[in-house]
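Colleague: Single-letter residue listing:
Protein chains: 4
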Amino acid sequence: MKFKILTVALLFVAVCAVAQDERPQMVPEMTEIWDPEVPVITPGETPADAPSDAIVLFDGVDIDREWTNGDGGPVGWKVADGCVTVERGAGIIQTKRAFEDFQLHIEWRSPAEVVGESQGRGNSGVFLQKRYEVQVLDNYNNRTYRNGQAGSLYKQHAPLVNACKGPGEWQVYDIIYTAPRFNEDGTYFTPPTVTVLHNGVLVQNNSKLRGPTEYIGIPEYSVEKHGADVIQLQDHGNPVSYRNIWIREL
Amino acid sequence: MKFKILTVALLFVAVCAVAQDERPQMVPEMTEIWDPEVPVITPGETPADAPSDAIVLFDGVDIDREWTNGDGGPVGWKVADGCVTVERGAGIIQTKRAFEDFQLHIEWRSPAEVVGESQGRGNSGVFLQKRYEVQVLDNYNNRTYRNGQAGSLYKQHAPLVNACKGPGEWQVYDIIYTAPRFNEDGTYFTPPTVTVLHNGVLVQNNSKLRGPTEYIGIPEYSVEKHGADVIQLQDHGNPVSYRNIWIREL
Amino acid sequence: MKFKILTVALLFVAVCAVAQDERPQMVPEMTEIWDPEVPVITPGETPADAPSDAIVLFDGVDIDREWTNGDGGPVGWKVADGCVTVERGAGIIQTKRAFEDFQLHIEWRSPAEVVGESQGRGNSGVFLQKRYEVQVLDNYNNRTYRNGQAGSLYKQHAPLVNACKGPGEWQVYDIIYTAPRFNEDGTYFTPPTVTVLHNGVLVQNNSKLRGPTEYIGIPEYSVEKHGADVIQLQDHGNPVSYRNIWIREL
Amino acid sequence: MKFKILTVALLFVAVCAVAQDERPQMVPEMTEIWDPEVPVITPGETPADAPSDAIVLFDGVDIDREWTNGDGGPVGWKVADGCVTVERGAGIIQTKRAFEDFQLHIEWRSPAEVVGESQGRGNSGVFLQKRYEVQVLDNYNNRTYRNGQAGSLYKQHAPLVNACKGPGEWQVYDIIYTAPRFNEDGTYFTPPTVTVLHNGVLVQNNSKLRGPTEYIGIPEYSVEKHGADVIQLQDHGNPVSYRNIWIREL
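Protein chains in written order, with this note's numbering: chain Z, 1 to 250; chain C, 251 to 500; chain H, 501 to 750; chain S, 751 to 1000.
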């Protein structure tokens, strides 16, 4: 009912305009969509804080609620001072839940004491769906191969810029991940895509992955169908720390 | 030289493996890319702070350095308390510089005093390349059409969620924009795409625009070739405020 | 075994080249993929003839084997002289089988006797998955709206060129169709895409559909999740004929 | 003027419908686009025949009008019986004209006398923009690596099926090619895409190339900015013949 008078008036104008314009004019209401209503959520106080629809994967205290080690057993990494730190030799840790598309917020810190160089310094990684690594590395004044540095999709896409903070400083990854869809033969119908903001700076812009992360070889050659899967954090032997990890399923 | 010994060793293994595997094995160095070196920048202290490679469009004090009104004259909006506020009737303001692809950080606040409803409450907008609006609206407890609410690409894509803060609170848009590329006949070869984080929450995920924002009519029908263009902020008659605006060209 | 000698030789060269090149050289076999073997089919004698892996939907004789009318009953169109012709008022006909992605070959002929103009002349249509129309129309010396002419994706994409033959002449559509994939909320994850060759001439090049074909309104607004579905041929009241229809599932 | 009466009538209905529907109804004319008129061309008598807007690259008689050898000199291949045949050692031949996006029709025949196996039998190739090879090979009862067989985008995409005819028989490639667009740094903004029909059968469906064709190594690593470029036919030492070559610029 509410559009009635406006509509009649505008349509009158529209019809009069037909001779000039060829197409009859539309009215604004014709391109308004009211349903379904967009879900309302409460954002965090700052963009780093978990919004109301996020799953908090690590709150700084309890790592075992949402994570296990690679065998499904308890996490062997150390929790202290509101963060969890890689324990050399304890192996990866991974979420208990499996995910498809998501937005992931994760903060990390490479050791304040600088040890090693290139891939040997402050190396860890965030594996999306257990297969696709966003590299974590101390690249502050530490050159390595461009497709293996912090913010890279390891050995597939170098970051657009090196936005690293120094060793010992907390850094942020905001990751938007779209899982692959598959053809029946197990190849990608659409590849995984990843957007990464590193310390608020865009380093991956909807980058398409060619296949699983491969340390040796060609990613295209090892594509295999998979479903929802876990997030893993890598033990690369360096005491990298993580905190404030939350995820929103998309 | 540095890879020599490792390579010889690994290739020996590789060659021995040929009979089983059909394909000779690669070595890790075959998929390392060192050049060109990724540019180093300094991120802001927090993700909201401008990184070293950003153009600061508004620092809270001087609006006339980077902005004009719609006629190229001085900005008629009020600057006070570190923000600039829409002056009803003064019309849009726009950047002096033109942009192609970019990452844009902008903070906005709808009036603390709630006036009006639906599109009439705290309405403004960020126009990318002068044509593509990311809607600014006070949608806190204020329903409107889904494709016209805060975080929508106006009348084209509703936001994934409503992540609004309340009236009078500062809110953040982090926008990643890829400009269209054109065919010779003026149609899109690739459409504009927009990713938006609203208060840190993903509300547009590489959404493809169908054409320029149209209040009336069908966006596809008004696509026209254009090049780099300005950012505009809309005067929709409501005293919406903006602050901390920076942009990184991609 | 067979690569062994070549590989050793080439790798020797590769290793010697390391100092100059940074990356060790690969050998050709590293990028050969042998498995799985590509399926072998027998093409038709000419490209118009059905290949061995096609389903022949109409061979010029028996229309009832693969087609029904809109109610699942027998086809009310006339079969004669190796073709089937629209019977005004009999309504659409559709395949018994449902399809996802496919390559479709179909030949059509508008009446030799020219009657009507614009959309009123030789009008029919091929509906992909019951929803997406490739327009069939006698556009030979007969102008109509560009997004509704022969070879258009009706009201969404005009053909690149008008490649029509005259009334009474047989014409060919070769259509490559990729079905949409859906998000959980029923929107497109990827839209339907269509490539059309009209008489051997490209008229649609992987065009993305915005939604179902709509005579009135905006296609985006009526997108709904669907699975495999039938091919329909339209009864638009004009005696358009069809012959030599085959389809290959992709 | 012509829509006036219909429009008034329909809009009356539309306005009456508002209370139920929320959105006022549109009328059919609102989604008709008349301008610009679609260019009219004359298709070939059969889809294999050049349409009126094609450039005939080889008509069976004169190879030197549109082709040169690799040095810009006269073509060293033999023309006889309406076709041109690779002359071993004469090297590639290439078009005088450079192309961007196009539709290419080309017919080829591997030698009736079978010699060699795998890549050694009836090997040649069509290089799009001098860089991207659609493999030509006698794969009739001749296995080779899947990503190197006839209809493959060499070492990047295996054909969907093996649609080869036998040695000595004429075969057809219909190729739809979209050239890459580049970022300023020389990487692909959009990759080259290729659709191929082999003897009327779809073997490549808008396949995305990863980079130039590489016999050895990883295509991504040798991407470089380029503009319009020539079509080349490869001399791989086997007397493969070509005929009826035409191209339409898109």
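Treat the hints with care, as some may be off.
[To be verified] Pairs of lysine-lysine residues, derived as DSS-like cross-links and limited to a Cα-Cα distance of at most 30 Å, are as follows: (1) Z:K208 with S:K880; (2) H:K596 with H:K708; (3) C:K458 with H:K596; (4) S:K958 with Z:K208; (5) H:K725 with Z:K208; (6) H:K708 with H:K725; (7) C:K458 with H:K630; (8) H:K630 with H:K596.
These aren't lab readings, by the way, just hints derived from the structure by calculation.
Colleague: All the hints need checking, so say for each whether the structure fits it.
Modeller: Each hint, compared with the structure:
no.	hint	in the structure
1	Z:K208 with S:K880	26 Å, holds
2	H:K596 with H:K708	26 Å, holds
3	C:K458 with H:K596	36 Å, violated
4	S:K958 with Z:K208	12 Å, holds
5	H:K725 with Z:K208	26 Å, holds
6	H:K708 with H:K725	16 Å, holds
7	C:K458 with H:K630	26 Å, holds
8	H:K630 with H:K596	12 Å, holds
In the structure shown, a violation is registered for the earlier hint numbered 3 alone.
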